[in-house]
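J.: Note that the protein sequences, when read in sequence, are chains G and D.
All the letters of the first sequence, read from the start, carry residue numbers 1 to 547 under the working numbering.
All the letters of the second sequence, read from the start, carry residue numbers 1 to 305 under the working numbering.
Derived by calculation from the structure, the hints in this document are not laboratory data.
Accuracy of the hints is not assured; some may be wrong.
Said to hold, decoys possible - 30 Å max Cα-Cα, derived DSSO-like pairs, lysine-lysine:
{"id": "1", "chain 1": "G", "residue 1": "Lys-336", "chain 2": "D", "residue 2": "Lys-39"}
{"id": "2", "chain 1": "D", "residue 1": "Lys-28", "chain 2": "G", "residue 2": "Lys-198"}
{"id": "3", "chain 1": "G", "residue 1": "Lys-236", "chain 2": "G", "residue 2": "Lys-309"}
{"id": "4", "chain 1": "G", "residue 1": "Lys-36", "chain 2": "G", "residue 2": "Lys-368"}
{"id": "5", "chain 1": "G", "residue 1": "Lys-208", "chain 2": "G", "residue 2": "Lys-145"}
{"id": "6", "chain 1": "G", "residue 1": "Lys-466", "chain 2": "D", "residue 2": "Lys-39"}
{"id": "7", "chain 1": "G", "residue 1": "Lys-309", "chain 2": "G", "residue 2": "Lys-336"}
{"id": "8", "chain 1": "G", "residue 1": "Lys-466", "chain 2": "D", "residue 2": "Lys-46"}
{"id": "9", "chain 1": "G", "residue 1": "Lys-208", "chain 2": "D", "residue 2": "Lys-28"}
{"id": "10", "chain 1": "D", "residue 1": "Lys-210", "chain 2": "G", "residue 2": "Lys-145"}
{"id": "11", "chain 1": "D", "residue 1": "Lys-46", "chain 2": "G", "residue 2": "Lys-406"}
{"id": "12", "chain 1": "G", "residue 1": "Lys-368", "chain 2": "G", "residue 2": "Lys-466"}
{"id": "13", "chain 1": "D", "residue 1": "Lys-46", "chain 2": "G", "residue 2": "Lys-145"}
{"id": "14", "chain 1": "G", "residue 1": "Lys-250", "chain 2": "D", "residue 2": "Lys-46"}
{"id": "15", "chain 1": "G", "residue 1": "Lys-309", "chain 2": "G", "residue 2": "Lys-247"}
{"id": "16", "chain 1": "G", "residue 1": "Lys-208", "chain 2": "D", "residue 2": "Lys-210"}
{"id": "17", "chain 1": "G", "residue 1": "Lys-247", "chain 2": "G", "residue 2": "Lys-36"}
{"id": "18", "chain 1": "D", "residue 1": "Lys-28", "chain 2": "G", "residue 2": "Lys-95"}
{"id": "19", "chain 1": "G", "residue 1": "Lys-309", "chain 2": "D", "residue 2": "Lys-210"}
{"id": "20", "chain 1": "G", "residue 1": "Lys-198", "chain 2": "G", "residue 2": "Lys-309"}
{"id": "21", "chain 1": "G", "residue 1": "Lys-36", "chain 2": "G", "residue 2": "Lys-309"}
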Amino acid sequence: MMSLSIPYRQLILLTVCIATGCTQDQSNVERGVRDKELYVGIGTEPAALDPHLTTGLTEFNVMASLLEGLTTLDTETMEIRPGVAASWDISEDGKVYTFYLDPAARWSNSDAVTSNDFLFSFERILTPELGAPYAYMLYSMRGAKAFNRGENRDFSSVGVSAPDASTLVIELESPTPYFLSLLTHNTWWPVHPPTILKHGAMTDRISKWTRAENYVGNGPFKLEHWSLNHSIVVEKNPYYRENTAVKLNKVHFLPINADSEERAFRANQLHMTSSVPIHRLDWYRDHQPENLRIFNALGVYYYILNTTKPPLDDPRVRKALAYSINREALTEHVLKAGEQPAYHFTPPNTGGYTAQVRLPYDPEQARKLLAEAGFPGGEGFPEFELLFNTSEAHHTIAVAIQQMWKRELGVNVRLHNQEWKVYLSTREAMGFDIVRAAWFGDYNDPYTFLSLGESDNGNNHSGWVKPEYDQLLEQSTVTAEPETRRDIFQQAEEILLDEMPIIPIYFYVSSKLVDQSVRGWHPNILGYQLYQSISLGDGSEGEVSDF
Amino acid sequence: MSVFILRRLLQVIPTLWVIATLTFVLMKLTPGGPFDDEKPVSPEVKALIEAHYGLDQPVYIQYIRFLWQRLQGDFGPSYKYIGWDVDEIIAQSFPVSLELGLYALVIALVLGIPIGVLAALNQDQPSDTLLMGLAMTGICLPAFVLAPLLIIVFSFQLGWVNPFGWFHAGDRVLPALTLGLLYAAYVARLARSGMIEVMREDYIRTARAKGLRERTIVFRHALRTALNPVVSYLGPAIAGLISGSFVVETIFFIPGLGSFFVNSAFNRDATMIMGTVLFYAVLIIFFNLLVDILQMWMNPRTRHG
Chain G
1 MMSLSIPYRQ LILLTVCIAT GCTQDQSNVE RGVRDKELYV GIGTEPAALD
51 PHLTTGLTEF NVMASLLEGL TTLDTETMEI RPGVAASWDI SEDGKVYTFY
101 LDPAARWSNS DAVTSNDFLF SFERILTPEL GAPYAYMLYS MRGAKAFNRG
151 ENRDFSSVGV SAPDASTLVI ELESPTPYFL SLLTHNTWWP VHPPTILKHG
201 AMTDRISKWT RAENYVGNGP FKLEHWSLNH SIVVEKNPYY RENTAVKLNK
251 VHFLPINADS EERAFRANQL HMTSSVPIHR LDWYRDHQPE NLRIFNALGV
301 YYYILNTTKP PLDDPRVRKA LAYSINREAL TEHVLKAGEQ PAYHFTPPNT
351 GGYTAQVRLP YDPEQARKLL AEAGFPGGEG FPEFELLFNT SEAHHTIAVA
401 IQQMWKRELG VNVRLHNQEW KVYLSTREAM GFDIVRAAWF GDYNDPYTFL
451 SLGESDNGNN HSGWVKPEYD QLLEQSTVTA EPETRRDIFQ QAEEILLDEM
501 PIIPIYFYVS SKLVDQSVRG WHPNILGYQL YQSISLGDGS EGEVSDF
Chain D
1 MSVFILRRLL QVIPTLWVIA TLTFVLMKLT PGGPFDDEKP VSPEVKALIE
51 AHYGLDQPVY IQYIRFLWQR LQGDFGPSYK YIGWDVDEII AQSFPVSLEL
101 GLYALVIALV LGIPIGVLAA LNQDQPSDTL LMGLAMTGIC LPAFVLAPLL
151 IIVFSFQLGW VNPFGWFHAG DRVLPALTLG LLYAAYVARL ARSGMIEVMR
201 EDYIRTARAK GLRERTIVFR HALRTALNPV VSYLGPAIAG LISGSFVVET
251 IFFIPGLGSF FVNSAFNRDA TMIMGTVLFY AVLIIFFNLL VDILQMWMNP
301 RTRHG
């Protein structure tokens with residue numbers, strides 16, 4: 001068929017042309033080291049870059065390059081460091097904080113950062129009309145809760161004032177020992193008032209101020225480019241207060257999903273990934289252990305029991321279910337990324353607190369408890385449903401636990417999965433028997449975990465109410481003495497495990513791939529990343545960041 | 001012809017209305033909302049957020065307002081990506097999908113048509129079996145299998161191109177191939193069957209009897225009619241190609257429309273769902289119309305249909 005040779009010739013030509021025209025001479029990693037530009041995968045597209053409207057860690061980690069709060073966190077030691085506030089005084093009763101702002105603190109348009117900017121920002125996030133999902137992070141400030149709930153519309157009733165442009169005074173409801181670490185959260189960060197007001201009213205959710213051409217921040221970098229699902233590029237902010245300490249010229253944030261991210265890393269296109277796909281962990285363990293970083297995360301995976309439904313309204317039944325789960329088998333044979341079995345609810349060493357109480361793995365006792373509750377050998381126990389959001393990982397865990405309950409207790413459980421948003425609304429409406437859940441701490445203090453058991457907490461989906469527990473948690477907020485507070489948490493955790501409205505299963509770990517050229521990056525339980533401390537080297541300097 | 005086009009254009013209005021209404025109803029029936037999250041917000045805050053988007057109004061008012069806004073070409077703000085309007089997102093991502101789709105289309109046609117014609121002219125011979133076997137493999141091989149294979153060979157083994165992204169010219173190659181090969185396989189099968197049918201027609205026999213060269217018969221006489229099935233397939237195919245492929249965009253990390261189309265449903269991003277659905281609908285309608293016109297021009301028999 002000689003007549004067809006023409007299209008074929010064209011085809012070959014096209015192929016050759018495409019193949020040769022596109023050969024990359026340098027990878028992002030090499031180019032990045034040369035130009036001091038970091039390429040980092042962030043997993044998903046941030047929902048927004050407005051610090052008062054976001055809730056996620058992805059958003060936090062991008063915004064941490066653009067904005068800075070009163071304090072910052074040393075990512076290595078988790079110690080509080082000065083941020084916009086160069087120093088501060090704390091009153092004797094621990095309820096009044098006076099911050100002295102760093103005179104060098106500037107916005108990326110060269111305006112000075114003033115205490116009034118903070119007043120404006122706190123008012124903005126607390127004004128109910130903005131609908132800030134995380135406004136409650138500021139509730140430790142006197143009057144903030146009432147103002148945010150619309151009970152008091154006068155912002156001057158909130159315990160924050162600016163005696164002069166560089167002094168900020170914050171009064172608290174009660175001494176909050178972790179207050180300085182709260183300030184590192186994005187809800188406490190300032191926004192640039194003229195920029196906000198130029199693009200709408202103070203409380204406009206839908207505003208274009210976060211676009212690259214409009215964004216004014218006070219962080220180590222400024223927003224250069226943002227296109228959705230493609231990249232966010234930030235460049236060094238010349239007006240940053242510690243501008244000379246910033247070693248990178250640019251950071252490229254790429255919202256790539258885990259699988260593609262791993263391929264990109266393998267092809268030297270990323271310095272860091274946001275996670276590692278589970279099925280690739282073993283390969284990296286065997287072939288590139290130096291690039292694989294696995295570290296503890298401040299998160300717990302657990303099941304919520306609907307305590308309003310018989311027989312789950314009986315604590316003995318709940319405990320029987322909890323005691324018959326072999327967590328070590330789960331973490332070692334099912335999860336395999338280095339997760340820790342959870343024998344209590346609050347992750348170990350959260351703000352210096354580790355629960356002393358441990359729930360046992362004791363099938364014998366579990367059977368005894370179930371028999372006491374009237375179901376010897378699981379006889380007469382109604383079949384119930386275990387709900388989780390659709391995912392291979394949750395399914396595998398559910399199957400394993402289903403087997404354990406069947407084997408140890410003779411109890412039958414039906415597995416049911418729902419698409420993410422459907423699952424959330426079912427959970428919210430308590431339309432389940434048992435449901436899978438996870439919680440990541442917003443700050444490094446046991447309160448962020450244990451408050452989930454409070455009867456009026458919006459995230460307590462178990463229907464469990466225990467006034468004694470509520471009182472303890474309330475007490476923890478007015479106690480300043482760290483030792484006494486830890487005792488209170490110990491008591492609360494004991495009650496929680498004795499009543500067992502939730503079944504802790506395992507504590508999360510985070511995994512990341514980090515190229516050898518990355519210096520000054522430190523893993524930490526909150527997953528916080530600060531880019532001003534990161535630099536890139538070609539491997540000749542010999543400095544290696546800590547594991 | 002112009003009456004036909006006008007009539008078809010008028011049909012667009014009720015079609016779009018039905019699509020918009022159906023999507024609206026389905027969205028209202030779906031459990032879960034755009035502002036539900038792992039860490040749920042308090043009911044009061046949720047109500048305030050919903051008020052921002054007019055979701056506190058009765059459903060019929062929402063519906064009327066929604067139709068009115070769309071009539072004015074206002075697609076509203078995205079619920080998920082705060083501060084971004086749906087038309088902005090489409091304007092940003094559609095050109096990417098369009099570019100990728102066009103490359104894929106070129107690959108599909110340049111590969112598919114010659115393979116199909118070649119196979120037809122060698123009907124039932126080993127080369128036919130081989131080519132159609134290849135096409136069948138192409139059809140059966142989903143993008144999520146083909147793409148990693150291409151990545152392994154061209155990125156990791158040969159090191160010619162990036163395994164991901166939409167940054168350099170070379171980043172276009174693998175996604176275009178993945179998407180193009182799949183469509184090339186369909187085109188090849190359609191071209192083959194069209195060609196086989198046409199080659200049996202009387203007028204081809206007449207042409208042969210006149211002593212025309214085989215080459216002239218194939219290119220001058222047979223091909224135009226033989227490609228009819230390909231052309232009618234191209235209408236929806238082009239709409240599909242240029243509106244983006246979720247799988248290919250996800251694997252290669254391409255900022256096209258396809259991932260927004262799919263993810264908006266997961267996010268319950270109602271304005272985004274509506275925007276992408278209507279946009280896709282308009283594309284399909286437009287290309288189907290274009291195909292009909294093209295077919296009329298290509299085939300005198302349908303010219304008065």
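J.: Among the hints numbered above, which are violated by the structure, and what are their numbers in rising order?
T.: 2, 3, 4, 7, 10, 11, 14, 15, 16, 18, 19, 20, 21
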